[in-house]
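Peer 1: Taken in sequence, the protein lines are chains A and B. Using our numbering, the first residue of the first sequence is number 1, and each one after it goes up by one. Using our numbering, the first residue of the second sequence is number 1, and each one after it goes up by one.
Since the hints were derived computationally from the structure, they do not count as laboratory data. For every residue, glycine included, the Cβ atom is placed at its ideal position computed from N, Cα and C. Please note that a few of the clues may not be correct.
Calculated pairs, EDC-like style, for lysine to aspartate or glutamate (alpha carbon to alpha carbon, straight line, at most 16 Å) [unchecked claim]:
| id | chain 1 | residue 1 | chain 2 | residue 2 |
| --- | --- | --- | --- | --- |
| 1 | A | K352 | B | D208 |
| 2 | B | K58 | B | D6 |
| 3 | A | K2 | B | D212 |
| 4 | A | K186 | A | E256 |
| 5 | B | K30 | B | D208 |
| 6 | A | K352 | B | E88 |
| 7 | A | K94 | A | D291 |
| 8 | A | K209 | A | E252 |
| 9 | B | K24 | B | D63 |
| 10 | B | K24 | B | D208 |
| 11 | A | K186 | A | D172 |
| 12 | A | K356 | B | E80 |
| 13 | A | K356 | B | E188 |
| 14 | B | K24 | B | D212 |
| 15 | A | K352 | B | E93 |
| 16 | A | K18 | B | E93 |
| 17 | A | K356 | B | D71 |
Only some residues are given here: those of chain A computed to face chain B with a beta carbon under 7 Å [said to hold, decoys possible]:
| id | residue |
| --- | --- |
| 18 | G3 |
| 19 | F6 |
| 20 | L7 |
| 21 | Y11 |
So the derived label-pair ranges between C-beta atoms look like this [what the hints assert, rightly or not]:
| id | chain 1 | residue 1 | chain 2 | residue 2 | range |
| --- | --- | --- | --- | --- | --- |
| 22 | A | R351 | B | K177 | 40 to 46 Å |
| 23 | B | K177 | A | R16 | 36 to 42 Å |
| 24 | B | E88 | A | I21 | 24 to 30 Å |
| 25 | A | H15 | B | D200 | 33 to 39 Å |
| 26 | A | R16 | B | H8 | 47 to 53 Å |
| 27 | A | D322 | B | P12 | 47 to 53 Å |
| 28 | A | L369 | B | E88 | 24 to 30 Å |
| 29 | B | D208 | A | R16 | 45 to 51 Å |
| 30 | B | E119 | A | I21 | 36 to 42 Å |
| 31 | A | H15 | B | D63 | 43 to 49 Å |
| 32 | A | I21 | B | S110 | 47 to 53 Å |
| 33 | B | T205 | A | L338 | 51 to 57 Å |
What follows is each chain in one-letter form.
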Amino acid sequence: MKGIFFLAWRYISFHRLKSFILVFAMSLVVFLPLSVHLLINIFQKSIEERAASTPLLIGSSGNRYDLVLRSIYFQGEEPTPLSQKEVEDLSERKGAVIPLFLRFSAHRFYAEDSQEGSYQSFPLVGTTLDYFFWRSLEVKEGNWPAILGEVVVGPKVAENLNLRLGDFLLSDQQKIYDISSTYPLKMKVVGILKEEGTADDEAIFTDIKTSWIIAGIGHGHQDVLDEKNLRLVQKKEGSDVLASPRMVNYNEVTMENIASFHFHGESQNFPVSSIVFLPKDHKAMTILMGDYLESKTVQVVSPKNVVGELMSLVFRIRIFFDANFILMFLCTVLFLSLILLLSFKLRERERKTFFKLGCSRRTVISVQLAELFLLGAFSALLVILGAWGLWQSEALWIKLFFWIA
Amino acid sequence: MIQASDIHFHYPRTRFELVVDSLKIEAGEKVAFVGASGSGKTTLVSLLAGIFLPQKGKICFLDQTLTDMTDSQRRQLRLEKMGFIFQEFELVEYLRALDNILLPYQLNSSLVLDKTVRERAHELMKEMGLGDKTRSFPGELSQGEKQRVAIGRALVHEPTVLVADEPTGNLDPVATKDILKLLFTYLEMQKASLLMVTHDHSLLTYFDRVIDLQDFGREKQ
Numbered sequence: 001m002k003g004i005f006f007l008a009w010r011y012i013s014f015h016r017l018k019s020f021i022l023v024f025a026m027s028l029v030v031f032l033p034l035s036v037h038l039l040i041n042i043f044q045k046s047i048e049e050r051a052a053s054t055p056l057l058i059g060s061s062g063n064r065y066d067l068v069l070r071s072i073y074f075q076g077e078e079p080t081p082l083s084q085k086e087v088e089d090l091s092e093r094k095g096a097v098i099p100l101f102l103r104f105s106a107h108r109f110y111a112e113d114s115q116e117g118s119y120q121s122f123p124l125v126g127t128t129l130d131y132f133f134w135r136s137l138e139v140k141e142g143n144w145p146a147i148l149g150e151v152v153v154g155p156k157v158a159e160n161l162n163l164r165l166g167d168f169l170l171s172d173q174q175k176i177y178d179i180s181s182t183y184p185l186k187m188k189v190v191g192i193l194k195e196e197g198t199a200d201d202e203a204i205f206t207d208i209k210t211s212w213i214i215a216g217i218g219h220g221h222q223d224v225l226d227e228k229n230l231r232l233v234q235k236k237e238g239s240d241v242l243a244s245p246r247m248v249n250y251n252e253v254t255m256e257n258i259a260s261f262h263f264h265g266e267s268q269n270f271p272v273s274s275i276v277f278l279p280k281d282h283k284a285m286t287i288l289m290g291d292y293l294e295s296k297t298v299q300v301v302s303p304k305n306v307v308g309e310l311m312s313l314v315f316r317i318r319i320f321f322d323a324n325f326i327l328m329f330l331c332t333v334l335f336l337s338l339i340l341l342l343s344f345k346l347r348e349r350e351r352k353t354f355f356k357l358g359c360s361r362r363t364v365i366s367v368q369l370a371e372l373f374l375l376g377a378f379s380a381l382l383v384i385l386g387a388w389g390l391w392q393s394e395a396l397w398i399k400l401f402f403w404i405a
Numbered sequence: 001m002i003q004a005s006d007i008h009f010h011y012p013r014t015r016f017e018l019v020v021d022s023l024k025i026e027a028g029e030k031v032a033f034v035g036a037s038g039s040g041k042t043t044l045v046s047l048l049a050g051i052f053l054p055q056k057g058k059i060c061f062l063d064q065t066l067t068d069m070t071d072s073q074r075r076q077l078r079l080e081k082m083g084f085i086f087q088e089f090e091l092v093e094y095l096r097a098l099d100n101i102l103l104p105y106q107l108n109s110s111l112v113l114d115k116t117v118r119e120r121a122h123e124l125m126k127e128m129g130l131g132d133k134t135r136s137f138p139g140e141l142s143q144g145e146k147q148r149v150a151i152g153r154a155l156v157h158e159p160t161v162l163v164a165d166e167p168t169g170n171l172d173p174v175a176t177k178d179i180l181k182l183l184f185t186y187l188e189m190q191k192a193s194l195l196m197v198t199h200d201h202s203l204l205t206y207f208d209r210v211i212d213l214q215d216f217g218r219e220k221q
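Whole structure, please, built from the sequences with the hints as guidance.
Peer 2: In structure tokens, the structure reads:
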């Protein structure tokens with residue numbers, strides 16, 4: 001047996017290129033369908049687990065896929081916002097309410113003289129502390145955001161942006177050519193989350209009020225009614241004050257200026273992208289779903305069902321892939337068989353020599369079968385390595401799926 | 001050592017028949033088989049080596065009747081007691097020179113490939129002037145070197161009989177003489193017999209006996 005494998009190995013190593021092409025072709029024909037199945041399974045597992053842990057999601061009527069993908073995985077388009085009034089209305093029901101404002105993203109803020117320069121952006125999630133407790137998130141370092149302008153970051157964000165506690169993030173400009181829009185807000189990193197292997201690892205979390213400041217609903221500026229700043233008042237009629245453009249707007253919340261931050265307008269009208277509702281019991285959930293059944297402006301969805309629909313679409317596409325792979329597999333097997341038959345014919349003289357020397361036909365065939373076995377083993381190894389690579393880059397593939405979706 | 005009597009052999013769908021009434025080869029005897037192309041030289045040698053079986057007759061090798069043995073027993077006997085040299089050398093292109101010499105050991109588990117055998121193969125290569133070619137592939141060797149490797153492969157397991165089918169057919173006269181000298185030296189050392197098919201009548205003086213196949217071949221009745 002040792003001699004047979006020795007000869008087989010020698011043949012393979014002598015015909016390196018031919019063997020490599022065969023191994024590669026055999027690996028590819030197995031790896032392609034396998035990788036599609038594996039990726040879909042990775043995607044399915046990841047997407048379904050998180051969806052199943054979110055009982056109900058309330059958002060504006062419209063694309064339910066956008067609502068779910070943005071609210072649960074922080075990917076895709078922001079759904080049309082609801083108002084804070086919906087949050088208040090839901091608060092009266094039996095269950096917990098967690099508002100999410102998902103319009104913005106942020107990148108690392110660098111000092112002017114800094115030599116570093118990664119401007120990769122991550123989604124900024126404006127929410128309440130309840131979100132962290134519901135998702136059972138824990139801070140690895142630091143604290144939860146306590147005041148305006150503070151953020152906690154997911155471990156992947158910290159790693160990618162090389163963030164430490166006390167570093168700053170800057171909200172991304174939504175419309176860079178709109179000079180009337182609000183300035184980006186500089187936010188302080190006060191906590192880094194423990195890794196959970198979910199979308200939370202790649203997000204930045206702040207209080208929803210901070211995200212409203214970024215939206216321009218709230219702001220902080222010099223107190224024009226202060227005696228020192230009277231020169232900034234251009235006009236005053238009763239309680240209405242017209243300030244000079246020289247008045248300084250704060251783009252960072254500090255202990256010195258935090259008191260000056262305030263919001264304009266009715267709080268009921270403040271935007272929220274979606275609302276997570278955690279019903280107290282099944283009855284509360286059924287009642288809520290029934291109440292919103294006829295609503296033309298608001299939709300209540302079960303993320304698990306929406307993700308189920310999405311996955312059934314993916315599975316339908318997979319059938320086409322499978323059919324394609326089966327045909328490709330058959331073609332490759334036929335081609336490989338042809339190559340092996342030709343090779344077998346070309347090596348007839350070698351077989352005859354072995355036979356004349358006293359080697360049995362069984363041994364001669366065994367040598368060639370051992371070659372096939374080794375080629376198969378190398379192909380299997382390549383496939384396993386490829387599958388392992390796919391498994392290791394799980395997060396990357398999930399991102400890619402979302403990007404495609 | 002080899003005894004054949006009343007041998008009748010023909011290939012399927014041919015009219016040629018080889019008939020040998022009686023043939024005896026002694027231990028250590030060097031026999032040349034000559035004759036025109038198609039006279040059955042290679043066939044006869046193949047019969048004596050147990051590669052083919054005659055349709056009729058009896059062949060004995062070292063007190064064992066080849067014609068009564070199973071295919072597997074004959075193969076075993078060939079591997080252990082015989083060495084083969086072919087005109088086209090028949091070296092395995094993907095094996096290095098040393099591995100080609102040791103090929104019988106790779107093909108048969110009853111031959112034990114141990115340190116002694118390896119040392120003997122190395123020694124054989126050195127003596128044949130191939131000491132620096134142990135790691136060369138056949139494609140990197142000259143014709144003469146290839147034939148020397150083939151001789152090494154035939155001799156490494158110290159066979160009782162060496163079967164050579166026109167071993168010098170592809171060599172120039174100088175290389176032919178060198179190879180034969182080498183071959184005969186080893187045969188003397190190992191006290192082995194030689195059955196050699198040749199077209200080259202100038203070599204016949206080296207042999208103890210010459211058998212002309214013209215005497216054996218005939219049209220099948």
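Peer 1: What hints, given by number in increasing order, does this structure fail?
Peer 2: Hints 1, 3, 13, 22 and 32 are the ones this structure does not satisfy, whereas the remaining hints hold.
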